[in-house]
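Trainee: Residue numbers (the numbering used here), protein chains in the order written: chain S, 524 to 703; chain X, 524 to 703.
Read the hints as simulated data drawn from the structure, not as lab findings. Every residue, glycine too, gets a C-beta built ideally from N, C-alpha and C. Treat the hints with caution; some may be incorrect.
Stated by the list, open to error - Below 25 Å or equal to it, Euclidean Cα-Cα: the simulated DMTMM-like pairs (lysine to aspartate or glutamate) are: (1) X:Lys699 <-> S:Glu573; (2) X:Lys699 <-> S:Glu685; (3) S:Lys699 <-> X:Glu542; (4) X:Lys631 <-> X:Glu542.
To be verified - Just the calculated beta-carbon pair ranges, DEER-fashion: (5) X:Asn595 <-> S:Glu675: 57 to 67 Å; (6) S:Gly593 <-> X:Glu528: 51 to 61 Å; (7) S:Glu565 <-> X:Ala547: 25 to 35 Å; (8) S:Pro691 <-> X:Ala688: 37 to 47 Å; (9) S:Arg646 <-> X:Gln689: 18 to 28 Å; (10) X:Glu629 <-> S:Glu573: 40 to 50 Å; (11) S:Thr539 <-> X:Arg527: 18 to 28 Å; (12) X:Gly561 <-> S:Glu565: 11 to 21 Å; (13) S:Ser564 <-> X:Gly632: 38 to 48 Å; (14) S:Arg626 <-> X:Ser558: 56 to 66 Å; (15) S:Ala688 <-> X:Ala580: 16 to 26 Å; (16) X:Gln689 <-> S:Pro543: 39 to 49 Å.
Listed here are the chains, written in short residue letters.
2 protein chains.
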Amino acid sequence: MLIREATAADWPGMWTVIEPIIRAGETYTYPTDSSEEGMRSEWLPAESLEHDAGAPARAIRSYVVTEETGGNSAPMIVATAQLHPHHPGAGSHIANAAFMVHRDHEGKGYGTLLAHHVLDAARADGYTAMVFNAVVESNEGAVRLWQSLGFEILATIPGAFEHPAQGPVGLHLMYKALAT
Amino acid sequence: MLIREATAADWPGMWTVIEPIIRAGETYTYPTDSSEEGMRSEWLPAESLEHDAGAPARAIRSYVVTEETGGNSAPMIVATAQLHPHHPGAGSHIANAAFMVHRDHEGKGYGTLLAHHVLDAARADGYTAMVFNAVVESNEGAVRLWQSLGFEILATIPGAFEHPAQGPVGLHLMYKALAT
Chain S
524 MLIREATAAD WPGMWTVIEP IIRAGETYTY PTDSSEEGMR SEWLPAESLE
574 HDAGAPARAI RSYVVTEETG GNSAPMIVAT AQLHPHHPGA GSHIANAAFM
624 VHRDHEGKGY GTLLAHHVLD AARADGYTAM VFNAVVESNE GAVRLWQSLG
674 FEILATIPGA FEHPAQGPVG LHLMYKALAT
Chain X
524 MLIREATAAD WPGMWTVIEP IIRAGETYTY PTDSSEEGMR SEWLPAESLE
574 HDAGAPARAI RSYVVTEETG GNSAPMIVAT AQLHPHHPGA GSHIANAAFM
624 VHRDHEGKGY GTLLAHHVLD AARADGYTAM VFNAVVESNE GAVRLWQSLG
674 FEILATIPGA FEHPAQGPVG LHLMYKALAT
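Looking at chain S on its own, in the form it has when it is part of the complex:
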């Protein structure tokens, strides 16, 4: 297993993770009919590919988790994340991040490993805290994971997410201070 920043060549593999999740519409507010190109500009924008060793802190960064598949096949992308400032300007010292694990590879710990990696990257970039502003209340696995990593629910916007099966459910604002 390898966790690293994503490259342009990773996109097709990232899309196999992202597409079923946004089509299902149960955990993210991306429109369920989002185009591949639109999602690419959200999740792997040009800015996230322009990094080199001297990349500025608090750049938009995209990550992938790859797993060997055996034989001569290329490694498979099993999870992906994105890290960016929660707000620009005077709010840019607070990080925001988003995570997706391939539906066939849930429950194997990839989300936790990737979260630790991204939290470390956020600390290295000088962020003082991380927030998630739209954790779907019914996404209990995600809520539990974030709580186990020290995130607290600061607020819940009632009924702010139209779940396709459960109807309106809340969106949690979750927060974790990052030790510097």
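Start from chain S and add chain X according to the hints.
Mentor: Below, chain X alone, put in the same frame as chain S:
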């Protein structure tokens, strides 16, 4: 006084309201060096100008408050607002809005009038609630105004805003359900 949706011709007047506020960097997270063109794409995007009588509900809408100046001068823009979905997709039934009053015309009630107008527009567009996700804690006039209009502080992200004079202050998440 007139409150109406903005047109492309309003931009120069809107910019006279917006520019000093973002340059001061005390109440918004827009970078203080934001370009006029960048701010225009944020505050008066092409999408907000494409409305006609049949505009879809929950479109991005920009507003201006104009005041007669007497004589033959054109009306002056004294305040502006923007209304848009807080999130896309499954979160698009919750509204988000932003308001700016010209610094020379604060305290005259324009903010309150514009807020009522935009809340009514949000109800008409079918939004079920309105949230502000980054009300600067030290912006006490704004906090008081929103509370007087029925908004509550759901949460405060500690130190999430680098105030140029006061240092890190909190960002409030404020919320108001909209009766339908």
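Trainee: Now look at each hint and say whether the structure bears it out.
Mentor: Verification of the supplied hints:
Only pairs whose Cα atoms come within 25 Å are accepted, and lysine 699 of chain X paired with glutamate 573 of chain S is rejected, the gap being roughly 41 Å. The hinted pair formed by lysine 699 of chain X and glutamate 685 of chain S meets the criterion: a straight-line CA distance of about 18 Å does not exceed 25 Å. Distance hint between lysine 699 of chain S and glutamate 542 of chain X is unfulfilled; the C-alpha atoms sit about 33 Å from each other, more than 25 Å. For the suggested pair lysine 631 of chain X and glutamate 542 of chain X, the alpha carbons sit about 20 Å apart, so the restraint of at most 25 Å is met.
Distance hint for asparagine 595 of chain X and glutamate 675 of chain S: a CB-CB separation of about 59 Å, consistent with the stated range 57 to 67 Å. Roughly 60 Å separates the CB atoms of glycine 593 of chain S and glutamate 528 of chain X, a value that falls within the hinted 51 to 61 Å. Between glutamate 565 of chain S and alanine 547 of chain X the beta carbon distance is about 31 Å. The supplied range of 25 to 35 Å therefore holds. Between proline 691 of chain S and alanine 688 of chain X the beta carbon distance is about 41 Å. The supplied range of 37 to 47 Å therefore holds.
Between arginine 646 of chain S and glutamine 689 of chain X the beta carbon distance is about 25 Å. The supplied range of 18 to 28 Å therefore holds. Checked against the hint of 40 to 50 Å, the C-beta distance between glutamate 629 of chain X and glutamate 573 of chain S comes to roughly 41 Å, which is consistent with it. For the pair threonine 539 of chain S and arginine 527 of chain X, the supplied restraint of 18 to 28 Å is violated, since their beta-carbon distance comes to about 48 Å. At roughly 19 Å, the beta-carbon separation of glycine 561 of chain X and glutamate 565 of chain S lies within the given 11 to 21 Å, and the hint holds.
Evaluation of the 38 to 48 Å hint for serine 564 of chain S and glycine 632 of chain X yields a pass: the beta carbon distance comes to about 41 Å. A hinted range of 56 to 66 Å for the beta carbons of arginine 626 of chain S and serine 558 of chain X is inconsistent with their spacing of about 42 Å. Range check, alanine 688 of chain S to alanine 580 of chain X: about 24 Å between beta-carbon atoms, so the 16 to 26 Å window is met. In this structure the hint that glutamine 689 of chain X and proline 543 of chain S lie 39 to 49 Å apart at CB holds, the actual value being about 46 Å.
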